[in-house]
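Q: So the chains spell out like this:
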Amino acid sequence: MNERLTHDPGTAIAIIGSGGSGAVTAGLILLAAVGHTGYYGLLGRSAGPQIRGGESAAMLRFGPHPVECMGDHFDLLVALDWDTVGRFADELPLACTSMILTDARHDEVPAVLGGHGASVHALPWRDLASTLPEGRVNMVALGSVGALLGLPFEALEAGVRATLGEKGERILAPSLAGVRAGYASGVDLGLNPPRVSGGGAAAPVAARWNLSGNEAAGLGAVRGGVRFVAAYPITPASEMLEWLAPRLELLGGSLLQAEDELASVNMIIGASFGGVPSLTATSGPGLSLMMEGLGLAVASETPVVVVNVQRGGPSTGIPTKSEQSDLNIALHGLHGDAPHLVLAALGIRDCAATVEWGVRLAEHLQTAAIVLSDQILGQSRAIVDPLTDQPFGGAGQAPLQRVIAPLADSDHRRYRSTATGISPMTLPGMPGGMYTADGLEHNEAGTPSSRAADHLEQLEKRLRKLTDFDYGSAWAEIRGEGERVLLTWGSAAGAVFEAAARLRAAGSPTKAIALRLLAPLPRAALLDALGGASQILVVEQNQGAQCFAYLHSLRVLPGHASSYARPGPLPLRPGEILDAVERDQPTREA
Amino acid sequence: MNERLTHDPGTAIAIIGSGGSGAVTAGLILLAAVGHTGYYGLLGRSAGPQIRGGESAAMLRFGPHPVECMGDHFDLLVALDWDTVGRFADELPLACTSMILTDARHDEVPAVLGGHGASVHALPWRDLASTLPEGRVNMVALGSVGALLGLPFEALEAGVRATLGEKGERILAPSLAGVRAGYASGVDLGLNPPRVSGGGAAAPVAARWNLSGNEAAGLGAVRGGVRFVAAYPITPASEMLEWLAPRLELLGGSLLQAEDELASVNMIIGASFGGVPSLTATSGPGLSLMMEGLGLAVASETPVVVVNVQRGGPSTGIPTKSEQSDLNIALHGLHGDAPHLVLAALGIRDCAATVEWGVRLAEHLQTAAIVLSDQILGQSRAIVDPLTDQPFGGAGQAPLQRVIAPLADSDHRRYRSTATGISPMTLPGMPGGMYTADGLEHNEAGTPSSRAADHLEQLEKRLRKLTDFDYGSAWAEIRGEGERVLLTWGSAAGAVFEAAARLRAAGSPTKAIALRLLAPLPRAALLDALGGASQILVVEQNQGAQCFAYLHSLRVLPGHASSYARPGPLPLRPGEILDAVERDQPTREA
Amino acid sequence: MNAPCETPTRRAKDYRSAIAPVWCPGCGHFAVLSAVTKALAHLQLGQERVAMVSGIGCSSRLPAYVETYGFHGIHGRALPLASGLKAARPDLTVIVTGGDGDGFSIGGNHFLHACRRNMDLTYIVMDNAVYGMTKGQASPTTEADWRRSKLTPHGSGLRPFLPATIAFAAGASFIARGFAGDPSGLTTLLVAAIEHPGFAFLQVLSPCQTFRPEQKDWKQKVHASTVEPASDPIEAARFLQSDDGFALGVLYARRLPVWQPRNQVSATPADLEAAFLR
Amino acid sequence: MNAPCETPTRRAKDYRSAIAPVWCPGCGHFAVLSAVTKALAHLQLGQERVAMVSGIGCSSRLPAYVETYGFHGIHGRALPLASGLKAARPDLTVIVTGGDGDGFSIGGNHFLHACRRNMDLTYIVMDNAVYGMTKGQASPTTEADWRRSKLTPHGSGLRPFLPATIAFAAGASFIARGFAGDPSGLTTLLVAAIEHPGFAFLQVLSPCQTFRPEQKDWKQKVHASTVEPASDPIEAARFLQSDDGFALGVLYARRLPVWQPRNQVSATPADLEAAFLR
Ligand SMILES: Cc1ncc(C[n+]2csc(CCOP(=O)(O)OP(=O)(O)O)c2C)c(N)n1
Ligand SMILES: Cc1ncc(C[n+]2csc(CCOP(=O)(O)OP(=O)(O)O)c2C)c(N)n1
Ligand code: SF4
Ligand code: SF4
Ligand SMILES: [Mg+2]
Ligand SMILES: [Mg+2]
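Residue numbers (this note's numbering), protein chains in the order written: chain A, 75 to 664; chain B, 75 to 664; chain C, 437 to 714; chain D, 437 to 714.
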């Protein structure tokens with residue numbers, strides 16, 4: 075395994091505790107602190123079904139390069155208490171080099187974590203905290219961890235201010251005091267913690283964003299021009315909506331909380347018909363309820379976007395944990411022949427880029443776009459580079475937007491079968507452009523028709539406008555070269571990129587392809603990218619190998635391609651992908 | 075083309091008129107009459123969006139063998155009037171050998187029908203009808219057609235009684251008088267109509283059923299044990315529900331008209347949880363609304379059946395016309411990894427057999443089954459052989475039914491991961507068997523759990539129980555042998571069977587495979603049936619080649635397989651399949 | 437006062453599109469179509485500034501027959517679609533039409549919440565107490581003992597849905613009832629409904645010639661509402677308790693806060709991005 | 437009278453399952469759970485003859501905590517699921533539980549139609565005027581100006597949904613209101629609701645400790661309903677118009693026809709097949 079670690083693994087820390095222990099707050103501060111120091115970082119969290127008082131854990135990984143996934147194990151496990159560890163022990167892989175920090179007054183390390191050989195160190199957090207007015211254990215522990223990691227105290231202080239600043243001095247002061255006390259105590263613990271390789275600050279601080287995938291998706295929406303959102307709350311999509319609600323207003327738009335998802339999807343269809351780019355966000359159960367509405371958007375050629383933040387399925391499933399198992403419904407869940415767009419965000423920063431692109435494509439192509447994110451993207455935070463102005467547009471490219479019919483067109487037919495398949499649209503308020511949008515089959519003028527010729531013409535036009543469009547190079551992110559290809563989509567990209575990088579670093583040329591555009595699949599470009607690969611492994615986080623099957627359905631994969639698909643809720647880690655690559659080899663060569 | 079006609083094409087007649095002209099009634103009577111005479115027959119109908127006063131057409135084909143599809147053209151076109159013919163001229167293919175019968179007082183044959191060279195014969199129906207008290211043109215025309223075809227008058231009389239008997243003597247008497255007058259006039263018209271080959275009666279009359287696909291589906295439901303139905307009306311599924319409502323009551327069950335499809339699917343889940351096999355029927359838009367409920371049935375392992383009578387899509391589409399475009403949503407429309415059953419009826423009689431099988435499979439495997447029918451099956455009628463007692467069960471086969479847990483089981487775990495994956499079920503009322511069914515992920519006992527091990531165990535169990543089950547030979551209907559394979563599913567089977575038979579009759583060995591079970595796909599059996607085929611053409615009635623793509627997704631088809639997919643609303647005809655076979659050949663051999 | 441630039445007067449027939457209705461001869465929905473065109477002409481609303489939104493049903497076919505913008509959506513979802521449109525485009529006059537099945541059965545939830553939300557929409561339900569388009573099943577407003585649907589051979593057995601009563605309970609600010617057999621009364625009510633600021637609900641008794649021929653009786657049954665349009669809730673509640681379902685007129689009207697989007701631009705996406713820099 | 441064979445007396449705790457609730461400490465739903473077990477014990481219902489059905493929400497978690505049959509379904513669909521169960525198994529006591537979001541927002545349509553249908557079900561809505569499970573958004577019963585949800589920073593602006601008023605308008609035959617802070621009153625109401633033949637709707641004011649801590653005030657606000665349970669609709673309508681939403685007790689109860697399946701076997705499938713022979 076050791077040769078794999080030549081890729082800089084950064085430092086991985088888990089902070090755990092029961093609900094209310096402040097583990098997540100400590101993690102958020104630490105993320106801000108490493109960001110302040112100039113590192114990139116990724117903070118995931120684990121929550122149980124309890125609203126309050128359940129387990130809680132923050133998982134942080136940081137280093138000098140953008141961090142796109144969790145590592146294979148944690149270097150440091152910080153246990154504020156052991157009360158609920160049984161519920162997420164699965165999520166805490168440790169190695170013999172790991173260190174466990176626990177309070178000196180705590181019970182022994184629970185057996186559920188056993189068998190890894192990590193060293194255990196008891197620290198006097200509780201005692202220290204009790205000496206402080208309103209002293210909190212999580213802050214003391216945070217301070218001692220910061221010291222162990224060699225972070226400058228100003229960075230921790232900045233992290234505390236950025237994270238708790240809004241709560242006012244009454245919270246801020248004791249928090250800072252706790253961190254300070256912990257920091258002071260930790261410096262001379264005599265331990266040998268896994269400091270970040272390269273050490274010290276890396277980049278000018280001002281140039282980075284600290285945001286969650288759900289926030290990034292909200293940003294992508296407004297960058298794409300969305301000014302109306304209707305939605306119904308659902309885990310893990312709600313934070314995207316909560317980020318959007320006050321901000322849409324500042325932009326002159328609005329968010330409407332609907333009575334259910336049947337309403338929300340139809341509300342955005344209405345708003346978009348009115349000319350305002352519109353979006354909703356949901357998760358699996360809500361997406362199910364939107365399928366009929368999305369079919370209406372497709373048939374009536376009304377642009378709309380749904381961001382689907384996936385969670386464990388099927389049915390109510392595991393609402394608080396991640397999975398990539400909604401690809402099937404996103405691709406095929408509409409009744410009838412209903413071609414539409416399906417995109418997937420490849421990372422937290424990419425939530426912004428992909429949602430923006432999805433909005434622009436839907437607007438330009440007058441159809442429904444489903445953008446897939448998931449719990450692990452949506453509810454994790456990262457320190458990332460800011461997005462450029464046109465994430466996917468070359469300078470020469472015309473801006474992707476809705477094609478509006480010229481007012482002078484005396485023979486306006488709303489559903490005219492043009493060469494591109496895109497029919498210039500009129501908007502309410504435009505004189506002479508009146509038409510009735512319809513989900514009933516219709517002729518070019520929009521008059522209902524059940525004649526075969528009209529049906530064929532409209533079906534083909536709705537397909538052609540999607541398949542003939544030139545999507546440029548944004549359909550995938552491709553890294554490295556090699557006869558071995560790791561092919562993936564959506565949030566699995568992070569772990570796949572790292573696995574491929576490790577293979578390359580180990581002298582085994584490997585190309586990683588992460589699909590951002592899934593439907594329509596840019597088949598020729600993908601075939602080209604796969605060309606001549608001797609090993610192809612399709613990686614995804616679901617049971618049914620949904621993407622693998624989809625790629626086969628379009629005859630993209632050669633017979634020797636194989637699949638590594640495994641359901642949630644545990645995040646995909648690079649190491650398991652490397653294991654899958656190894657397992658795949660002998661079978662293929664036999 | 076002529077060598078293809080060695081397969082007995084029977085006789086094909088279209089009776090058309092504006093709404094209220096009685097074209098469909100005449101068709102129904104003619105079907106009953108040919109049935110009485112001992113022929114098999116198939117009666118399709120075409121309706122427009124109007125509720126009343128629109129176009130209407132009855133398309134009848136009959137002959138000495140079971141009739142499973144419409145032919146390539148009509149031998150006889152009977153025009154009661156020409157008022158609305160423009161709306162369905164597409165659906166009236168004629169040949170130079172065809173005869174057009176029209177009223178002597180009518181306008182000329184409209185140009186929309188032109189170019190086929192059929193002979194036109196004007197008959198004095200209207201004049202004749204006007205001589206009779208309450209004389210109706212459709213009855214007179216029917217009589218003259220009956221005479222032309224050489225049907226015995228008693229058969230027509232029996233047809234009138236069977237069709238109009240319920241309406242009482244006041245309707246019956248003038249109808250019979252009209253038929254009699256037409257019959258008398260027609261005998262000596264001196265025409266040379268396309269009489270049925272072989273002529274005369276064929277089989278004892280009592281042994282046949284006259285029923286529609288929707289009625290057959292209803293029958294299949296009650297044969298399978300369904301005693302509760304909840305549903306919301308929708309075209310073209312409503313007649314199935316209307317057949318069931320009064321009959322379920324006779325069987326001690328009930329039908330509940332729900333407020334919408336969200337309610338109906340949840341109602342049947344509740345009833346099935348209570349131990350009563352339950353079903354609903356709908357069409358595309360309604361199916362869309364049921365997907366979340368079906369996911370609950372899958373996750374909670376509650377058996378339910380949805381009969382989806384497909385119509386033109388997407389969205390509201392073409393409600394009164396047929397298409398096979400809901401395969402995608404049926405296979406993949408559930409969020410999360412949600413394995414379930416998808417079946418498709420291969421013909422009108424098969425609606426009964428397949429729905430019965432679907433109910434039994436769902437019950438035994440504790441999952442959701444979607445049975446696909448479509449408008450052309452559901453709303454057409456046929457004279458068919460009665461169904462045997464166990465359509466798909468060998469004598470030795472145990473009856474497929476729900477596995478109930480023994481009362482004595484002291485350690486009952488509702489979702490126990492057994493070897494088969496099927497967990498014996500308890501029903502409310504059984505002491506000691508209490509559990510809470512759940513769509514949240516759970517452990518074997520049904521307690522909610524978000525742990526990876528429980529998720530994996532339950533996901534695998536829900537998949538395994540479907541994939542490990544032995545479905546016997548009912549998964550497909552296979553006819554003929556040959557290196558050429560025509561592969562299809564659902565209602566396209568009829569036209570495919572006929573195309574294959576014609577090819578064989580022309581000395582070109584051809585095997586036809588029609589899939590009745592689509593998910594889980596019996597992959598090994600299908601690979602075996604395809605073994606060594608040099609030409610494979612997948613035939614279906616939709617735009618997206620949905621089945622073709624699905625079969626590729628499971629790596630069942632070799633690279634040289636090709637697709638003939640064409641959307642509705644026109645019915646698939648054997649001739650176009652033969653054309654597709656021919657077109658396919660050169661490409662494949664190049 | 438002279439108009440600064442003259443706009444030609446729009447007549448009712450200018451609001452009628454060229455598409456022929458699919459309705460049965462004698463269907464009550466024809467009268468509603470005609471009243472809609474007359475009301476629009478009365479108000480002289482620019483054709484391009486009006487949007488007609490509907491679901492699915494015979495009644496829901498209406499938008500295609502009106503020469504304005506329109507959206508013939510899916511069954512039961514006309515109100516949310518229209519609400520989204522109005523939220524995005526408060527400048528438009530948005531009129532929603534549909535049937536009793538569309539609005540009170542599958543669409544019942546949206547009806548409740550649209551009443552609560554009180555956006556400035558007009559909602560016309562053409563109530564024929566039957567599902568016309570799917571060939572005659574019981575709707576929520578059908579009498580419990582109506583036995584002519586094969587789906588419910590003993591009658592639905594359900595207490596009829598009382599549209600005005602439910603709208604009132606849900607907080608609607610304007611409730612009226614018209615009759616297809618009284619076209620001029622209907623036009624007047626429609627004008628009042630469109631002019632009402634907020635959610636205006638207009639139930640139109642619109643007989644189904646084909647599946648409910650007995651509704652010919654409605655001509656005899658309807659009568660003008662004897663009370664003045666109540667604006668006092670207590671009074672309205674009392675009136676609705678004694679309502680026989682055939683009183684025509686404005687039954688309730690009251691000014692209530694109207695849901696309005698807050699469309700004032702005060703930032704750009706770049707401003708929002710700045711907040712992530714921390 | 438001696439029981440022919442003695443069945444041991446069931447106590448409230450016999451109806452409590454071994455599963456620990458996920459609820460926050462102090463959540464009102466605990467009191468509802470306790471009242472359910474007490475009411476079942478009071479009625480001595482066989483555990484296996486009771487089915488608890490729910491949707492999704494904190495409140496909807498309740499069935500798993502009760503040692504009877506149960507179904508934790510999907511968000512908003514508890515009533516139809518329970519209706520199907522009751523139609524198929526009229527012998528069972530079916531109790532439906534859920535929250536204000538589950539029942540009045542996404543599930544509002546089923547609530548209306550369940551009231552109309554009047555099947556013999558008990559429907560308990562634990563109303564905390566918030567979506568607890570999704571961390572604190574406005575529900576239909578939330579005050580229009582409640583600003584603590586980020587989704588509606590200015591308040592929802594919607595007129596609150598009045599559960600009792602809507603149930604009454606929709607034709608419910610039993611309407612009651614209880615309070616989690618009054619456990620014995622709640623148990624009494626639950627017993628009455630279960631015993632009512634037909635659809636019994638029980639709204640329980642059940643504070644959300646975490647997202648609506650201000651609901652501690654409810655203790656002060658609630659008061660016994662001053663009127664006798666009305667069975668006269670006019671009287672009930674008048675009462676509901678003056679209701680402040682905090683009156684506890686049975687607010688309305690009336691015997692109305694109950695929807696019953698007709699489960700009498702008089703034919704076999706083979707008999708039906710015979711009709712096709714023609
Ligand atoms: C989701 C869905 N379910 C069912 C239908 C079938 N459907 C079409 S119209 C209709 C009822 C129409 O009744 P109503 O709204 O009263 O209108 P009317 O035809 O009586 O004017 C139904 C059930 C559908 N189109 N979509
Ligand atoms: C279709 C669907 N949409 C949204 C959700 C998310 N969701 C779960 S519970 C809930 C609201 C719960 O509120 P309430 O019913 O009042 O129960 P409480 O938690 O307050 O007891 C929502 C919106 C879901 N599970 N399914
Ligand atoms: S079926 Fe009834 S509602 Fe529909 S068009 Fe005909 S008369 Fe009108
Ligand atoms: S969030 Fe509110 S409703 Fe949910 S468990 Fe906590 S206190 Fe109860
Ligand atoms: Mg109606
Ligand atoms: Mg609540």
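Simulated from the structure, these hints should not be mistaken for lab results.
Given the structure is predicted, the values throughout are model-derived calculations rather than measurements.
For glycine and all other residues, C-beta sits at the position ideal for the given N, C-alpha and C.
One thing to keep in mind: the hints can contain errors.
As the list claims (entries may be wrong) - A few chain D residues facing chain C, derived, Cβ under 8 Å:
1) LEU479
2) GLY544
3) PHE597
4) GLY685
5) ALA689
6) ARG691
7) TRP695
What the hints assert, rightly or not - Lysine to aspartate or glutamate pairs mimicking DMTMM-like chemistry, simulated, CA-CA at most 20 Å apart:
8) D:LYS586 x C:GLU709
9) C:LYS586 x D:GLU709
10) D:LYS586 x A:GLU240
11) B:LYS535 x B:GLU557
12) D:LYS652 x D:GLU709
13) C:LYS586 x B:GLU650
To be verified - A partial selection of chain A residues facing chain D, derived with a Cβ cut-off under 7 Å:
14) GLN124
15) THR309
16) SER312
17) LEU315
18) GLU316
19) PRO320
20) GLN331
21) GLU333
22) ASP334
23) HIS438
24) ARG647
Q: Which numbered hints turn out to be false for this structure?
A: 1, 4, 5, 6, 11, 12, 13, 23 and 24
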